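> Could you put the whole structure together from the sequences, leaning on the hints where they help?
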Amino acid sequence: MNTSVFQLATWNVNSLKVRLPHVLQWLQTNPVDVLCLQELKLTDDKFPVAELRQAGYQSFFAGQKTYNGVAILVRDGNSVDATSLVANNPFYTDEQKRLLALTVNGVRVVCGYFPNGQAPDSEKFIYKLAWLEALHRWLEEELKHTTQLALLGDYNIAPEDRDVHDPAAWVGQNLVSPQERAHFSGLQNLGLIDVFRQFDQPEKSYSWWDYRMMGFRRNHGLRIDLILLTPSLAEHCTACTIDKTPRAWEQPSDHAPVIATVRPD
DNA sequence: ATGGCTTGCACCGCAAGA
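As numbered in our numbering, the first sequence has no gaps in its residue numbers, which increase by one up to the final residue, 273.
It cannot be assumed that every hint is accurate.
[Unchecked claim] DMTMM-like mimics (lysine to aspartate or glutamate), calculated; alpha carbons at most 25 Å apart, straight line:
(1) K132 with D262
(2) K25 with D84
(3) K54 with D102
(4) K54 with E131
(5) K25 with E243
(6) K49 with D251
(7) K25 with E211
(8) K73 with D53
(9) K252 with E59
(10) K49 with D218
(11) K73 with D251
(12) K132 with E103
(13) K54 with D89
(14) K73 with E131
Hints in this document: simulated from the structure, not taken from any laboratory. Computed from a predicted model, the values in this text were never measured in an experiment.
In structure tokens, the structure reads:
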């Protein structure tokens, strides 16, 4: 990594068209080097390249109509290898745009919008498990070529019960099922580290809150937006925080951004 | 209490999210 301080962030914006003002405002006070976005909900021709360019960011994206869509924004001054851009998992044929990889400052950045899974007895859950299995195989391959990899995104998995506001109420549901958590453990077994848990954190830290029933005000949330780093990056990670600020803004995304700071040497 | 918000798309309600 050829930089002194490197900040990476992830944010599920739930429509970039609606949330662009929030993204621009947030970047003004949080000028991270890399921002991974999920749920763009727009086609590539509608991506706000010019507005983000004006804000000092280069955009890489893979969108589709109505659903899904992921992007990686890179702040000017960082070193980007544009030929390293990969949309979707080469090991998995997928109509849905959920994965984007780009090498920035020598770090393999992977932005993911993991499937929701709907319910453990649904077709979408089957898809989620297959998608997770294929992700594992792809990352295993990527890790043969680099020691510096960052997987950021909306995992749609709450790793542990402490990442769930009411674990008892969530038993048997997607996002917390043993099958999904086993896949999460599989990613950890590749050496990837959930850096949020490397640091002391407030009790009941979440990154998503239901729009309904005053979920945010009551802190009824889940921690499902995560940053996993390989050991060589994680050992230089000095902070990982969830920024709840924009969740309290008017017309917010239901997710909050998560930021990791890496300081080599 | 199986709803409750929010978004996009296409209509005058729906699917999908988590």
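> Now tell me, hint by hint, if it's right for this structure.
For each hint, the structure was consulted:
1. Note on K132 and D262: the hinted pairing holds, with a Cα-Cα distance of about 21 Å set against a maximum of 25 Å.
2. Straight-line distance between C-alpha atoms of K25 and D84 comes to about 23 Å, which keeps the hinted pair within the 25 Å bound.
3. Restraint check: the Cα-Cα separation between K54 and D102 comes to about 21 Å, which is no more than 25 Å; the hinted pair holds.
4. Our distance criterion of 25 Å between C-alpha atoms is broken by K54 and E131, whose separation comes to about 30 Å.
5. This hinted pair does not check out: K25 and E243 have alpha carbons roughly 37 Å apart, beyond 25 Å.
6. Restraint check for K49 and D251: satisfied, since their Cα atoms lie roughly 23 Å apart, inside the 25 Å limit.
7. Distance hint between K25 and E211 is unfulfilled; the C-alpha atoms sit about 33 Å from each other, more than 25 Å.
8. A threshold of 25 Å between alpha carbons decides the hint, and for K73 with D53 the separation of about 10 Å falls inside it, so the pair holds.
9. The straight-line distance between the Cα atoms of K252 and E59 is roughly 24 Å, inside the 25 Å bound, and the hint therefore holds.
10. The straight-line distance between the Cα atoms of K49 and D218 is roughly 19 Å, inside the 25 Å bound, and the hint therefore holds.
11. At roughly 28 Å between alpha-carbon atoms, K73 and D251 are farther apart than 25 Å, so this suggested pair is violated.
12. For a cut-off of 25 Å, the pair hint linking K132 to E103 stands: about 13 Å separates their Cα positions.
13. For the hint pairing K54 with D89, the CA-to-CA distance comes to about 24 Å; that is within 25 Å, so the pair holds.
14. For the hint pairing K73 with E131, the CA-to-CA distance comes to about 21 Å; that is within 25 Å, so the pair holds.
Of the hints listed earlier, those the structure fails to meet are numbers 4, 5, 7, 11, in rising order.
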